Every structure is written in structure tokens, then in C-alpha cells.
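Participant: Based on the sequences and whatever the hints tell you, model everything.
2 protein chains.
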Amino acid sequence: MKAIVLASGGLDSTVTAAVAKRDGHDLSFLTISYGQRHCIEVERAGEVARMFGIVNHLVLALDLRAIGGSALTSNHPVPKDRSEADRQGEIPSTYVPARNTIFLSLAIAYAETMDASLVYLGANVVDYSGYPDCRPEFLRAFEEVVRLGTRSGVEGKGIEIRAPLLSFSKAEIIRLGASLNVPFHLTHSCYDPSMSGVACGRCDSCRIRREGFQAAGLTDPIAYAEAGT
Amino acid sequence: MKAIVLASGGLDSTVTAAVAKRDGHDLSFLTISYGQRHCIEVERAGEVARMFGIVNHLVLALDLRAIGGSALTSNHPVPKDRSEADRQGEIPSTYVPARNTIFLSLAIAYAETMDASLVYLGANVVDYSGYPDCRPEFLRAFEEVVRLGTRSGVEGKGIEIRAPLLSFSKAEIIRLGASLNVPFHLTHSCYDPSMSGVACGRCDSCRIRREGFQAAGLTDPIAYAEAGT
Numbered sequence: 001m002k003a004i005v006l007a008s009g010g011l012d013s014t015v016t017a018a019v020a021k022r023d024g025h026d027l028s029f030l031t032i033s034y035g036q037r038h039c040i041e042v043e044r045a046g047e048v049a050r051m052f053g054i055v056n057h058l059v060l061a062l063d064l065r066a067i068g069g070s071a072l073t074s075n076h077p078v079p080k081d082r083s084e085a086d087r088q089g090e091i092p093s094t095y096v097p098a099r100n101t102i103f104l105s106l107a108i109a110y111a112e113t114m115d116a117s118l119v120y121l122g123a124n125v126v127d128y129s130g131y132p133d134c135r136p137e138f139l140r141a142f143e144e145v146v147r148l149g150t151r152s153g154v155e156g157k158g159i160e161i162r163a164p165l166l167s168f169s170k171a172e173i174i175r176l177g178a179s180l181n182v183p184f185h186l187t188h189s190c191y192d193p194s195m196s197g198v199a200c201g202r203c204d205s206c207r208i209r210r211e212g213f214q215a216a217g218l219t220d221p222i223a224y225a226e227a228g229t
Numbered sequence: 001m002k003a004i005v006l007a008s009g010g011l012d013s014t015v016t017a018a019v020a021k022r023d024g025h026d027l028s029f030l031t032i033s034y035g036q037r038h039c040i041e042v043e044r045a046g047e048v049a050r051m052f053g054i055v056n057h058l059v060l061a062l063d064l065r066a067i068g069g070s071a072l073t074s075n076h077p078v079p080k081d082r083s084e085a086d087r088q089g090e091i092p093s094t095y096v097p098a099r100n101t102i103f104l105s106l107a108i109a110y111a112e113t114m115d116a117s118l119v120y121l122g123a124n125v126v127d128y129s130g131y132p133d134c135r136p137e138f139l140r141a142f143e144e145v146v147r148l149g150t151r152s153g154v155e156g157k158g159i160e161i162r163a164p165l166l167s168f169s170k171a172e173i174i175r176l177g178a179s180l181n182v183p184f185h186l187t188h189s190c191y192d193p194s195m196s197g198v199a200c201g202r203c204d205s206c207r208i209r210r211e212g213f214q215a216a217g218l219t220d221p222i223a224y225a226e227a228g229t
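So the sequences go chain by chain: D and Z. The first sequence begins at 1 in the numbering used here and counts up one residue at a time. The second sequence begins at 1 in the numbering used here and counts up one residue at a time.
Treat the hints with care, as some may be off.
Identical copies look the same in the list; a pair holds intra-copy or inter-copy alike.
Claimed, not checked - With a straight-line Cα cutoff of 20 angstroms, these simulated SDA-like cross-link-like pairs (lysine to any residue) come out: (1) Lys157 to Ala141; (2) Lys2 to Gly53; (3) Lys80 to Asp192; (4) Lys157 to Arg135; (5) Lys21 to Leu186; (6) Lys2 to Glu160.
Read the hints as simulated data drawn from the structure, not as lab findings. The structure presented is a predicted model; accordingly, all values stated were derived computationally and were not measured.
Facilitator: Below you can see the structure in the form of C-alpha cells.
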């Protein structure tokens, strides 16, 4: 089946793409260049697409900085050195207003144009419990919007949203990715835009990634500015 | 209350803005410049915003032409001279994949940033029965997505979506607009991008508008290339 993968260049979306490929689907990538402070992600998404032999890779510019409201799209500082306990139970400042709703909407539009019946995204509720738009109930509600508000839905074809990593721990995601030969060295996770070429090692995203590789008993091939704690 | 108005420069969204203003809300405008073939709409939205004294008017560029799939964003011909019967019961080629889902997602993001609790849009199910994303059940499903997938929803503040013209006929919309002194001369409805300064008078949107003014017993102040039939 034809499938759209929301490919960010990060670890989770790259493992998600590998799962979609393993399942035998005909993949197209959609990358939203949303004025990330760390726009290196978009470059990495392109390298991942080449690695996967993707013919249709649409990079769509959308300047979410103009909307603001997040540490990832404005000049607010990215939080660092937060323990796992600190990261739980709140919506982090790196929450981008309605991001997954916006990204899924664009993916649905692309799926309709490409006549694809699946959309894959790398949402994960374990490590990102503070992001409301990574929860399963949100994804189900979004499918209902697609069923009622698109040509595909009305014509009964529908578009299924798949988030195969939704309930995986980071270690499980990394083990799965390793079994599927995911090019981890190409994936970018760091939230800090001031780092060039290396990851800071201290933001939430770097900490979750490092703890994940450690728990999986695997070596992270990317370079970090600071040694792990 | 603070409210976001999805302002397209068209007749319906301008009457919707007038309703929101009448209801005493503090308005911000959001206009999506989505690679419309008729980008005069975006200019007109700016003129309408000035007329309404709007301080915050965000014009967000999003190139939906890159996604394609619609006569409004590609080089497909815009249908002309269709009667009311011809216009019913099908999804027209001017359907833009997932447009209202995308626009509402962006409006919700802007509402979160502006701390607004209302989003107004000019969706209408009477004249646009063929567009699935103009139906009330779609709007209710989208509110559920907002409740589950945004910071505002999780924190219990919520964002209400209002489409005050949803079940109005075009004549009723025009009469309401006239009673609220809507600057109809600034509003643009024509789907045909090849017209400059005047409306074609023959596309679905022009025909619906002209029939509406006629039924309302009012004179449309804009210029048409061809006399009405």
C-alpha cells in the first residue's frame, strides 16, 4: 500500500520509516521545515530519504516561528540537565502549539494527493508523556476528523494513522531500529540549535536518547559535546 | 474574549469577522497564503483587517501547491457555468485536500500562542455541501482533537470553534453582512486567477455570490467581467 511517512530526520521517525518499509509499503516522505532552530533536522531527513531510496520526498516550508509559543521555534532557552522525574507530568516549554495536528493535517493532504491510505508518524507517549499530541486518544480523534472532513473519508477509502512506536520505551525503539539496520548515525535528536555538528548531550531529547542507548546496551554512533552523566 | 478569525478576504470570512466583532470579542486575524492562484485574496484580507482596525494580523505562507490535488492550487481548469443542480452532491475539483483541517490546526496554534479561546471561520454547508470539511460533524470532531491534543485542551481552557454562517444561505449571509456594514466592495470571491481586478462571474463561487445578492435584493458592489445570467 502507499504510505506517507512524516520524516523529521530524528531517531523515532527514522525507525518508524524502517518499520513501514519492513511492512512492504510504497513510501513517500513528508518533512515539514517549520523554522526549527535546529534546521539540521531537515538536512538529515534528506539523507535518510536517500538511504531508504525514497523517490517522493516533499519538504514543505511552514514558518511556525511566526506563530511562536515554543522554545523550539523561538528564542526561549531549551531546558537542560533535567532528570527523568523532572521531565514527567508537565507540558514542556518545547511543546510546539498544535504541532502534530498541523503535521498530520499536511500529511493527510499529501496522502490524498498521492492516493496513499496510510500515514506513519513517530509519536511516542512513553518518553513524551507531557506532549498531549503524542497520546493515543489524540490520534484516534484525528482519524475521526479525517473520516469526516476529507474526500478520502467521505468516499470510504479512509486514511489510517499508524504510530508503531507509540507505546515503546526508547530502548525498545533503539533495539527495533538496530534490528532493521536503521542508520542511527544520520539521525538528529538534539534540541539545542547552537550546537553545530554535535549534539549537546544535556537537553531532554539528548538525555532520553542517551539513556535509551544505554538501556538497550548499544553504542550511539553520534558525537556529543559533553560526556553522559 | 480573545478570538482568532480565519480571514481569507472572501465574503463569508469577512461577514464572520463582523459577527465576531459585533459579539464584542478582541480579534486577531490569521490569513493563510497557500499559493492560491488568486492571491489577490490575501491582499484583500489585509484591507479588510485595516478596515476592522485589527492590530494582530498574521499572514502565514504555506505552499499547498507543492502538495497539489486541487484546481485552486494547480493548473487544473476551474469549472464554470455550472447550475445549482450541477454543483450539488459531489466533491468539486476546487476541493483542496484537507484544507480546513490544515487551516484550523494553524488557527488553533495561533490561538494557543495568543491565549485566545475562540476561533471563528466562515465555513458554510449550504452552498458548499460538496466540501466535506465544511460540515458541522467535521467541526465537532476537530474540537475533540483540540481538547485532546493541545495544551489548552489538557489544561481545561479549551478553544471553541465557531462557524456562525454554517447553516445560512448566501442571501442570509449577505443580509447579515449588510446589517453589520460589511465592506463588500473589498471582498473577493472569484476562483479564476486569470482575472485581474474583476471577477469572472462564471465560476461556482461567482455564481453563488451573484445568486445570493439577487436573492437578498441587494446590489453587489464588485465588478464582473460578464453580466449575470
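Participant: Next, verify each hint and record whether it holds.
Facilitator: Results of checking the hints against the structure:
{"no.": "1", "hint": "Lys157 to Ala141", "result": "both (17 angstroms within a copy, 18 angstroms between copies)"}
{"no.": "2", "hint": "Lys2 to Gly53", "result": "within (15 angstroms within a copy, 47 angstroms between copies)"}
{"no.": "3", "hint": "Lys80 to Asp192", "result": "within (9 angstroms within a copy, 52 angstroms between copies)"}
{"no.": "4", "hint": "Lys157 to Arg135", "result": "between (25 angstroms within a copy, 19 angstroms between copies)"}
{"no.": "5", "hint": "Lys21 to Leu186", "result": "within (17 angstroms within a copy, 51 angstroms between copies)"}
{"no.": "6", "hint": "Lys2 to Glu160", "result": "within (11 angstroms within a copy, 35 angstroms between copies)"}
Hint compliance for this structure: no hint is broken.
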